[in-house]
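*Asks:* Spelled out from the first residue to the last, the chains are:
There are 2 protein chains.
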Amino acid sequence: MARVIVNVMLKPEILDPQGRAVQGALGRLGLTGVTDVRQGKQFVIDLAGELDADRSATLEKLAGELLSNPVIEDFNLTVVE
Amino acid sequence: MARVIVNVMLKPEILDPQGRAVQGALGRLGLTGVTDVRQGKQFVIDLAGELDADRSATLEKLAGELLSNPVIEDFNLTVVE
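Here the protein sequences line up with chains A and Z, keeping their order. Heads up, my numbering is the position in the first sequence plus 546, with the first residue counted as 1. Heads up, my numbering is the position in the second sequence plus 546, with the first residue counted as 1.
Rather than coming from a laboratory, the hints here were simulated on the basis of the structure. In this text, all values refer to a predicted model and were calculated from it rather than measured experimentally. Mixed in with the good hints, there may be bad ones.
In the DSSO-like style, the derived pairs of lysine-lysine whose C-alpha atoms are separated by at most 30 Å in a straight line are [stated by the list, open to error]: (1) Z:607 with Z:557; (2) A:607 with Z:607; (3) A:587 with Z:607; (4) A:557 with A:607.
Beta-carbon label-pair distances, calculated as ranges [said to hold, decoys possible]: (5) Z:618 with A:559: 18 to 24 Å; (6) Z:559 with A:612: 23 to 29 Å; (7) A:575 with Z:618: 18 to 24 Å.
Facing chain Z, a subset of chain A residues (Cβ under 8 Å, in silico) [as the list claims (entries may be wrong)]: (8) 566; (9) 576; (10) 581; (11) 589; (12) 623; (13) 626.
Where is the CB? At the ideal position from N, CA and C, for every residue including glycine.
Make the full structure from the sequences, and use the hints.
*Replies:* The structure is reproduced here in structure tokens:
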């Protein structure tokens, strides 16, 4: 069994109003010195069997096409087990 | 400067229809053997100065009250820098 985590985050140059709202709320609720908050998505994907090169390539491709929007988002993919 | 990452994920016993939809799509698009997908949120929080014990406690509290819904979600908090 393999577990892969894909994190998807807006590109740095794209405005993140959700993150900005969280930044404001954290400040109002007592956390001082918050300079930036970015909000992204995380996918935890469990796979049967080993993650061979073929499936790994497919997953990398789908992370860039299905799980993220390449126009506005970056992703990173980590195999955790 | 400190950077903290808070990952928020539905509790294991809570159904995740978004994750299920992604699981189906990955399969249809050629990734075999996907046994489970869970979708969560990720917050990347940048803080000015050092993260002392006080602010760390405030952040931990707010991660459980503002960033996640403790009824249906778990969170974990990692200091990365």
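*Asks:* It remains to establish, for every hint, whether it holds in the given structure.
*Replies:* Checked hints:
In summary, the hint linking residue 607 of chain Z to residue 557 of chain Z is supported, as the alpha carbons are separated by about 18 Å, within the 30 Å threshold. Simply put, residue 607 of chain A and residue 607 of chain Z have alpha-carbon atoms about 38 Å apart, too far for the 30 Å limit, and the pair is violated. At roughly 21 Å between alpha-carbon atoms, residue 587 of chain A and residue 607 of chain Z fall within 30 Å of each other, so this suggested pair holds. Between the alpha carbons of residue 557 of chain A and residue 607 of chain A the distance comes to roughly 18 Å, so the proposed pair stays at or under 30 Å and holds.
For the pair residue 618 of chain Z and residue 559 of chain A, the supplied restraint of 18 to 24 Å is violated, since their beta-carbon distance comes to about 33 Å. A hinted range of 23 to 29 Å holds for the C-beta pair residue 559 of chain Z and residue 612 of chain A, which are about 27 Å apart. The hint said 18 to 24 Å for the Cβ distance between residue 575 of chain A and residue 618 of chain Z, and at roughly 21 Å that hint holds. Taken as an interface hint, residue 566 of chain A does not check out: its beta carbon lies about 12 Å from the nearest beta carbon of chain Z, beyond 8 Å.
A cut of 8 Å between beta carbons decides the hint on residue 576 of chain A: the least distance to chain Z is about 5 Å, and the hint holds. Taking 8 Å as the C-beta cut-off, the interface hint given for residue 581 of chain A holds, the closest approach to chain Z being about 5 Å. Given the 8 Å rule on beta carbons, the hint for residue 589 of chain A holds: about 6 Å separates it from the nearest Cβ of chain Z. With its C-beta approaching chain Z no nearer than about 12 Å, residue 623 of chain A sits outside the 8 Å limit, and its interface hint is violated.
A hinted interface residue such as residue 626 of chain A counts as satisfied when its beta carbon comes closer than 8 Å to some beta carbon of chain Z; here the least separation is about 12 Å, so the hint is violated.
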